[in-house]
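As they're listed, the protein sequences go chains P and D. Letter 36 of the first sequence, counting from 1, is numbered 36 in my numbering, and no numbers are missing. Letter 1 of the second sequence, counting from 1, is numbered 1 in my numbering, and no numbers are missing.
Hints are computed from structural coordinates only; laboratory data are not their basis. These figures come from a predicted structure and were not determined experimentally. Cβ coordinates follow ideal geometry from the N, Cα and C atoms, glycine included. There may be inaccurate statements among the hints.
Facing chain D, from chain P, some residues (calculated, C-beta under 10 Å) [to be verified]:
hint : residue
1    : N71
2    : N77
3    : L78
4    : L103
5    : T110
6    : L120
7    : V121
8    : R124
9    : G125
10   : N127
11   : E195
Derived Cβ-Cβ restraints for the label pairs, each shown as a range [as the list claims (entries may be wrong)]:
hint : chain 1 : residue 1 : chain 2 : residue 2 : range
12   : D       : Q77       : P       : Y161      : 50 to 58 Å
13   : P       : N77       : D       : S30       : 32 to 40 Å
14   : P       : A18       : D       : D19       : 40 to 48 Å
15   : D       : R66       : P       : H92       : 24 to 32 Å
16   : D       : S30       : P       : E67       : 25 to 33 Å
17   : P       : F96       : D       : G43       : 30 to 38 Å
18   : D       : T65       : P       : T146      : 18 to 26 Å
19   : P       : N138      : D       : M42       : 34 to 42 Å
20   : P       : R153      : D       : M18       : 36 to 44 Å
21   : D       : I25       : P       : K3        : 38 to 46 Å
22   : D       : R66       : P       : R199      : 29 to 37 Å
23   : P       : R199      : D       : E24       : 32 to 40 Å
Read off the chains here:
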Amino acid sequence: MRKSVEKTGKTVNDAINAALLELGLKREQVDVYVIDEGNRGLFGIIGSKVARVRVTQKETSEDRAREFLSNIFEKMNLDVTIKIEEKDNLLHIVLFGENMGILIGRRGETLDALQYLTSLVVNRGENEYVRVYIDTENYRMKREETLVKLANRLADRVLKYRRSITLEPMNPYERRIIHSTLQNNKMVTTYSIGEEPNRKVVIAVNSRRRVEM
Amino acid sequence: MLKELLEVIAKSLVDHPMDVSVNEIEGEQSVILELRVAQEDMGKVIGKQGRIAKAIRTVVKAAATRENKRVIVEILQ
Chain P
1 MRKSVEKTGK
11 TVNDAINAAL
21 LELGLKREQV
31 DVYVIDEGNR
41 GLFGIIGSKV
51 ARVRVTQKET
61 SEDRAREFLS
71 NIFEKMNLDV
81 TIKIEEKDNL
91 LHIVLFGENM
101 GILIGRRGET
111 LDALQYLTSL
121 VVNRGENEYV
131 RVYIDTENYR
141 MKREETLVKL
151 ANRLADRVLK
161 YRRSITLEPM
171 NPYERRIIHS
181 TLQNNKMVTT
191 YSIGEEPNRK
201 VVIAVNSRRR
211 VEM
Chain D
1 MLKELLEVIA
11 KSLVDHPMDV
21 SVNEIEGEQS
31 VILELRVAQE
41 DMGKVIGKQG
51 RIAKAIRTVV
61 KAAATRENKR
71 VIVEILQ
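Okay, chain P solo, but in the shape it has when bound:
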């Protein structure tokens, strides 16, 4: 929730400082709207008027993400609790509720779409890039475990039959999991072929190593 307060002071600056003190925020974390600039009046007595400002906490990436997602879930008639943690330019979002399968979709397709759209909304018109990660029911973690197991199993098969294996099309995130799982396996090598969205990982026997041996 964005905090907001209206304050008065002898000068605009005094009023702003009073507001910052009450909100517990720094100057760069707020937007200031001057309602009345005030007037010191003659000799500070006749016709003097206090300055009045409205100081509002700036909209954060978290606010933007939360607003965007809750609007979407409302229109989808889904009751979803959105938990957001922000750390080192990463918005870590976890969704809780029933029917989360709808938000995951086939192979996480819908979750990926939501994550991508949220990152566009959060970063629109901003200089600093904030990464967005969305998960529900531990889907991404479980999927990662599945992919690591798959990579290791297929690498064994590649070595056993001495033949390359081409995997199903995957998104960049999933391909990276396959590559990094087998990165330290000196017996095989991995690379990607094809164009998005049909780009696939190939696991092959590391022929360079064979020559060296």
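We have chain P already, so just place chain D on it with the hints.
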């Protein structure tokens, strides 16, 4: 509901939310949603190689599955 969902998504992505409009053509089992945005916002709803358009369609389709409907999202010039 699908119409409003598409509107919400499109309005959050573009620079001119006032120029976003969605026309809904309702069939028996399917819905066609025609999305119009300001000319300079076309890129904001289509993206490189249609990546944004694809993500929008994926989310709208997920919502439609809940209502047992087939949905087609058309982005009009």
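Each hint, compared with the structure:
{"no.": "1", "hint": "N71", "result": "5 Å, holds"}
{"no.": "2", "hint": "N77", "result": "7 Å, holds"}
{"no.": "3", "hint": "L78", "result": "8 Å, holds"}
{"no.": "4", "hint": "L103", "result": "7 Å, holds"}
{"no.": "5", "hint": "T110", "result": "4 Å, holds"}
{"no.": "6", "hint": "L120", "result": "6 Å, holds"}
{"no.": "7", "hint": "V121", "result": "5 Å, holds"}
{"no.": "8", "hint": "R124", "result": "7 Å, holds"}
{"no.": "9", "hint": "G125", "result": "8 Å, holds"}
{"no.": "10", "hint": "N127", "result": "17 Å, violated"}
{"no.": "11", "hint": "E195", "result": "9 Å, holds"}
{"no.": "12", "hint": "D:Q77 - P:Y161: 50 to 58 Å", "result": "52 Å, holds"}
{"no.": "13", "hint": "P:N77 - D:S30: 32 to 40 Å", "result": "19 Å, violated"}
{"no.": "14", "hint": "P:A18 - D:D19: 40 to 48 Å", "result": "41 Å, holds"}
{"no.": "15", "hint": "D:R66 - P:H92: 24 to 32 Å", "result": "26 Å, holds"}
{"no.": "16", "hint": "D:S30 - P:E67: 25 to 33 Å", "result": "31 Å, holds"}
{"no.": "17", "hint": "P:F96 - D:G43: 30 to 38 Å", "result": "34 Å, holds"}
{"no.": "18", "hint": "D:T65 - P:T146: 18 to 26 Å", "result": "23 Å, holds"}
{"no.": "19", "hint": "P:N138 - D:M42: 34 to 42 Å", "result": "38 Å, holds"}
{"no.": "20", "hint": "P:R153 - D:M18: 36 to 44 Å", "result": "54 Å, violated"}
{"no.": "21", "hint": "D:I25 - P:K3: 38 to 46 Å", "result": "44 Å, holds"}
{"no.": "22", "hint": "D:R66 - P:R199: 29 to 37 Å", "result": "30 Å, holds"}
{"no.": "23", "hint": "P:R199 - D:E24: 32 to 40 Å", "result": "35 Å, holds"}
When the structure is compared with the earlier hints, violations turn up for hints 10, 13, 20 and for no others.
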